[in-house]
Amino acid sequence: MGAAKFLDSPQGRRIAYHRSEGKGPWVVFLGGLKSDMEGTKAVHLEAWAKARGLAFLRFDYSGHGESSGKFEDGCIGDWHLDTVAAISELTEGPIAPVGSSMGGWQALLLAKAMPERVHGMVTIAAAPDFTEDGYWANFTPMQKLELEKVGHVELPSDYMEPYIITKRMIEDGREQLVLREPLELPFPVRCLQGTADTAVSTETALRLMDHATCDDMRLNLVKDADHRFSDGPCLQMIEEAVQDVLGEA
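Sequence positions in the sequence shown follow numbering that gives the first Met the number 0 and run 0 to 248.
Honestly, I wouldn't trust all of these hints.
[Claimed, not checked] With a straight-line cut-off of 20 angstroms between C-alpha atoms, the simulated EDC-like cross-links for lysine to aspartate or glutamate are:
1) Lys-69 / Asp-7
2) Lys-4 / Glu-115
3) Lys-69 / Glu-160
4) Lys-33 / Glu-170
5) Lys-148 / Glu-180
6) Lys-222 / Glu-238
7) Lys-143 / Glu-180
8) Lys-111 / Glu-153
9) Lys-33 / Asp-225
10) Lys-22 / Glu-170
11) Lys-4 / Asp-35
12) Lys-166 / Glu-180
13) Lys-22 / Glu-239
14) Lys-166 / Glu-147
15) Lys-111 / Glu-65
16) Lys-148 / Glu-131
17) Lys-33 / Asp-77
18) Lys-69 / Glu-91
19) Lys-33 / Asp-171
20) Lys-111 / Glu-174
21) Lys-69 / Asp-225
22) Lys-222 / Glu-202
23) Lys-111 / Asp-209
24) Lys-33 / Asp-132
25) Lys-22 / Asp-77
26) Lys-33 / Glu-147
27) Lys-49 / Glu-202
28) Lys-111 / Asp-171
29) Lys-49 / Asp-215
30) Lys-143 / Glu-202
31) Lys-4 / Glu-91
32) Lys-111 / Glu-238
33) Lys-148 / Glu-71
34) Lys-148 / Glu-183
35) Lys-148 / Asp-209
Since the hints were derived computationally from the structure, they do not count as laboratory data.
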């Protein structure tokens with residue numbers, strides 16, 4: 000697969016990436032919180048895109064994977080700027096972001112930042128506004144006090160070591176919310192969501208569907224699929240969704 004290459008962002012962060020040339024639009028994989036570009040979905044989609052001669056990009060946000068920085072120092076806005084830098088420097092022309100979990104939020108932020116570039120979008124268990132509606136809304140009074148006094152709280156995870164959620168992440172998240180104001184998505188959008196997902200609820204997927212303004216937006220609820228959404232049938236659904244928004248299906 001080869002070693003990762005690195006991009007120095009305008010913010011001084013070193014972003015690791017894998018990029019393969021091909022016909023556009025560029026398929027850009029946007030990973031989830033604390034995941035990296037070596038995950039099953041990212042690597043599978045890259046191989047699929049290469050087999051079809053499609054241009055493809057996957058990368059690590061700062062504080063993730065091989066990129067510089069510590070996770071605890073980052074926030075949604077930082078990772079948005081990483082995404083904008085990677086796409087601006089490493090792709091050209093139309094793009095088709097594929098956002099998983101927090102990457103779904105990043106895809107929506109991207110659509111607001113550079114709508115003229117987005118040809119279509121696929122989300123997988125998209126988690127827009129989760130710092131506010133998931134973390135902050137469910138913090139106990141003791142956790143909110145700890146956040147204020149210590150600057151962070153630790154939250155258990157079903158998938159890895161505890162998440163360190165900082166005061167900065169919560170406060171920055173409020174500046175990145177996408178479900179509180181009009182959300183125009185003037186391109187095809189395909190949303191995939193498992194009903195057994197314990198990290199992102201089907202209610203979140205339905206809220207996004209109800210909130211966004213889009214002439215061609217579809218939600219596929221997959222019974223018993225979990226948050227990873229990475230077994231064989233799920234990976235095939237992702238392929239089909241990308242084909243669909245590219246107009247290749």
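Hint numbers not upheld by this structure, sorted from lowest to highest: Hints 2, 5, 7, 8, 10, 12, 15, 18, 21, 25, 26, 27, 29, 30, 32, 34, 35 not satisfied by this model.
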